[in-house]
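Protein sequence lines correspond, in order, to chains A and B.
For what it's worth, this note's numbering labels the leading residue of the first sequence as 1, then goes sequentially.
For what it's worth, this note's numbering labels the leading residue of the second sequence as 1, then goes sequentially.
No wet-lab data here; the hints were simulated from the structure.
Ideal Cβ positions, reconstructed from N, Cα and C, are used throughout, including at glycine.
Treat the hints with care, as some may be off.
Said to hold, decoys possible - The list that follows gives simulated cross-link-like pairs (lysine-lysine, DSS-like), each with its CA atoms no further than 25 Å apart:
no., chain 1, residue 1, chain 2, residue 2
1, A, Lys-143, A, Lys-127
2, A, Lys-120, B, Lys-3
3, A, Lys-120, B, Lys-24
4, B, Lys-54, A, Lys-94
Claimed, not checked - With the C-beta cut set under 8 Å, the calculated list includes, among others, these residues of chain A facing chain B:
no., residue
5, Arg-29
6, Gly-81
7, Thr-88
8, Phe-92
9, Met-95
10, Thr-96
11, Ala-118
12, Met-160
Stated by the list, open to error - Okay, the calculated beta carbon distance ranges per label pair:
no., chain 1, residue 1, chain 2, residue 2, range
13, A, His-206, B, Pro-268, 42 to 50 Å
14, A, Ile-55, B, Leu-4, 22 to 30 Å
15, A, Gln-3, B, Val-123, 55 to 63 Å
16, A, Lys-61, B, Leu-289, 50 to 58 Å
17, A, Gly-73, B, Leu-271, 45 to 53 Å
18, B, Gly-202, A, Gly-22, 49 to 57 Å
19, B, Glu-318, A, Ser-149, 12 to 20 Å
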Amino acid sequence: MIQPVLKVTNIKKAYGAIQAVGGVSFEVRAGEIFGVIGPNGSGKTTLFNSMLGQIVPDEGKIELKGEDVTQLGPLALNRRGVGRTFQTLQVFGKMTVRDNLIVAAQEHQGSMFSRMFAPKDSGLGDKADALIDQFRIRHVADKKAGELSYGQQKLVDIAMAFMSEPDLVLLDEPCAGVNPSLVGGISTLLKELNRSRKGSFVVIEHNMDFVMDLCHRIMVMVEGEVLAIGTPDEIRANKQVLDAYLGN
Amino acid sequence: MKKLNLLFALIALAAVILIPNFLKNYGIHMFTTWLVFIIATMGLNLTVGYAGQKSLGHAAFFGIGAYTVAICLKAGLSFWFGLPMAALFCFVVGLALGFPALRVQTIYLAFATLGFNTALWLVMRNEEWLTGGTYGINNIARPSLGGISFDGNLAYYYLVLTFTLVLALLLWGLLNSPWGKAFTALRDNPIRAESLGIDTRGYTLLSFAIGAVYAGVAGGLYAAQVQFIDPALFTVGASIMMYLMVVVGGPGYFFGPVLGSAVGVVLPEWLRFAQAWYLFVFGLAVVVLMIWLPDGLLSIPDRIKARRQSREASAAREVAGVKA
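Pulled out of the complex, with its shape left as it was, chain B reads as follows:
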């Protein structure tokens, strides 16, 4: 099974490296957007899927990252300074947003984070001297490094791909360290976790802060990708869409964001043939998915396994009954 997974991962890696070479600009743009949202939702998956917190404010961190990079570039600073600043700023704000989670949970926490997103969005819209207000910030330059320019769409795609792989490996390492088990324990049973010496306060705060860092880096990369940002990109609606991506892919599954982001980014584009009905079709598809697969697309193998085990157990009981 592990060999099969490795083979599948290698084929997927080869695909994301090779396929964009055969695509036009729009296709490359879609692939880049997909990768950006994979990064953002990897962070949200840590907060929501692994640590069990509720967050409807992830787009605010995405926005903080985007604006930090854009403002740094406008101030004449390098992208390579702006992106770490975006990550650092998001870490600090994410840590602060984690504090409500120490007092409230479930739907109340969701509303607290939603309020945070709305407040941040208002800052982006109203503080024109800093953010450009509703006019946004345009002409955001793409970076270069060591003489290599990432101005071209394909070059920039490979830069984003590199970030995606590095951040995925870091998250994989984190989740496979004792921290991964601590996050899962926090999600599944915080009272038991605390009785075992797990600092539930610390891990709750860190789940928000690290998740925010991923959103911030994604936002910074997105700003340079689209080269124009305005507050409309970072609304509560965008946060809900990111949450949806995590839930559709499978919260708590490492590759959930890969599938969820594909559904969230690519499916609306594929459904454009439906013209004005595409949002309706997209919404309906999500409703059907949630009814049949509430744990997301990646829960399919687990559901099949559970069904097989249940069948085997019933068969064993029947055999035992016949013998008796």
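So here's chain A without its partners, still in its complex pose:
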């Protein structure tokens, strides 16, 4: 049996009397795009933050390629091949787009000491240029990221998560605040990256069309628990999901 890239077992997290996540379990397979949907307050963000080492769950286990990473922080997870994007824009506004991409992967090159004597681009210039072309942001590559439009910054933000060639990328609402014409473009890009890099993605998103189009499997959360896991077609046909979340 092929080992899953990410295995989450019985994760629980409470804030005082409120049980934000109450025993969630799922697996993400190699090369899979796994969507997480649910209404506001369903525990998606708490679950996401647990997987990213931002918070430590009260109970449960998170395994990355078989290794228990439940107690690890964001730095250690990144070093183990986990990339992420944030719900709000998190680019370095005073750096150029190209430098944003380079800084996103430079710490994976050599040791801290050796990087003191490394070239400015850490030898990542070609790799950054390839990603710039793939994301179709060549025309703004030498502009400061803070000077770009919201949509362009969103593309830079997503591209940064892929610079270090992570095995698992967690995307937190990649379409939030993006105009509808760009949503399709982001979906196409993520599919391309999934095909070319064979990486696994976990996507939290409110845009249902985007999730149904992009993801191989989807997990629906309601009130901190898993309501259903299945393919987009299975989720669409699930009466419980329709009643609880999607409506008619």
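Based on the hints, put chain B in the right spot on chain A.
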């Protein structure tokens, strides 16, 4: 633009090499003091301007450097032993001072470093057996190297100039290595930086430690320049003045300390004609500068560029509107 910058740098270099030859002792002293503070504030600019930490304790490292060199010389050791010791000692203490920065930020970190400066100042004042207490240490000898004496004011100026250029080149190299981007990422968005694998703890500590080394070397050079040191030179007030130099020049701009130190060292001297009012005039000038140029003097070209881009964008929007 790059050619223009290079030309400007060459003219500035020629000026700092040639001008002191035509100055009297006081002028040379002012130029040397300016260079010493450039070194000290280059270090503070790394900590504050590039890595985004708050430090109101830089004068403590300046003092550690000065006292280390002075005490080594009094013990019969060479200046060339004392200065590296000053740098090493400051690196270790700077690393230790970086630890509070891992727990607190902004104004709380500023107060932690301010407390450190006060504690160090008390050690300098009270540990008379080591530091001479309020009487300080005098007759600090200037060095010589390979038969060349730096006892004369002009010779010593050129020694300090050499140190300034070498340390500036080292910092330039560091900031143009991947470390420079890591420091900037740490300053602009530490949470994002950490999620990209940047060891924010390591870079925070190193920004303090390397900044402290620059202050320590500057302090050591200053001790031999003025040949007398006492604790009054290394108060919290001196730290605030250094912070001011960084902010006035432009934090995060490589040449910010050059301009900031000029303002901090030279402007008070130029304003002496105002006699008792000179501090008032100096203070007022700083207030006006902070209101109009909060990012420092070197932000002027960026502000002009941003204004031009904004004008061009509005013009483009108007044209698009007319066509529509």
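Between the beta carbons of Glu-318(B) and Ser-149(A), is the distance compatible with 12 to 20 Å? Since Glu-318(B) and Ser-149(A) have Cβ atoms about 19 Å apart, the given range 12 to 20 Å holds.
Within 45 to 53 Å or not, the Cβ separation of Gly-73(A) and Leu-271(B)? 51 Å, holds
Do the Cβ positions of Ile-55(A) and Leu-4(B) conform to the proposed distance bound of 22 to 30 Å? This hint is violated: roughly 51 Å between Cβ atoms.
Taking the closest Cβ pair, is Arg-29(A) under 8 Å from chain B? The hint is violated - Arg-29(A) has no Cβ within 8 Å of chain B, the shortest such distance being about 24 Å.
Can the restraint linking Lys-120(A) and Lys-24(B) be considered satisfied, given a maximum Cα separation of 25 Å? Outside the cut-off at roughly 43 Å; violated.
Hold the hint about Met-95(A) up to the distance rule: shortest CB distance to chain B must be less than 8 Å. 6 Å, holds
Would you check the hint for Lys-54(B) and Lys-94(A), treating anything up to 25 Å between C-alpha atoms as holding? Given pair Lys-54(B), Lys-94(A) holds - Cα atoms ~20 Å apart, limit 25 Å.
Does the alpha-carbon distance linking Lys-143(A) and Lys-127(A) stay inside the 25 Å limit? 18 Å, holds
Between Gln-3(A) and Val-123(B), does the beta-carbon spacing fit 55 to 63 Å? Given range 55 to 63 Å: holds, Cβ gap about 58 Å.
Take a look at whether the Cβ-Cβ distance between Lys-61(A) and Leu-289(B) falls inside 50 to 58 Å. Distance hint for Lys-61(A), Leu-289(B) holds at roughly 57 Å.
Kindly confirm whether 49 to 57 Å is satisfied by the beta carbon distance between Gly-202(B) and Gly-22(A). Roughly 37 Å apart at Cβ, these two residues miss the hinted range, so it is violated.
Do the numbers back the hint for Gly-81(A), that is, is its least Cβ distance to chain B under 8 Å? 10 Å, violated
Hint compliance for this structure: hints 3, 5, 6, 7, 10, 13, 14, 18 are not met, and every other hint is.
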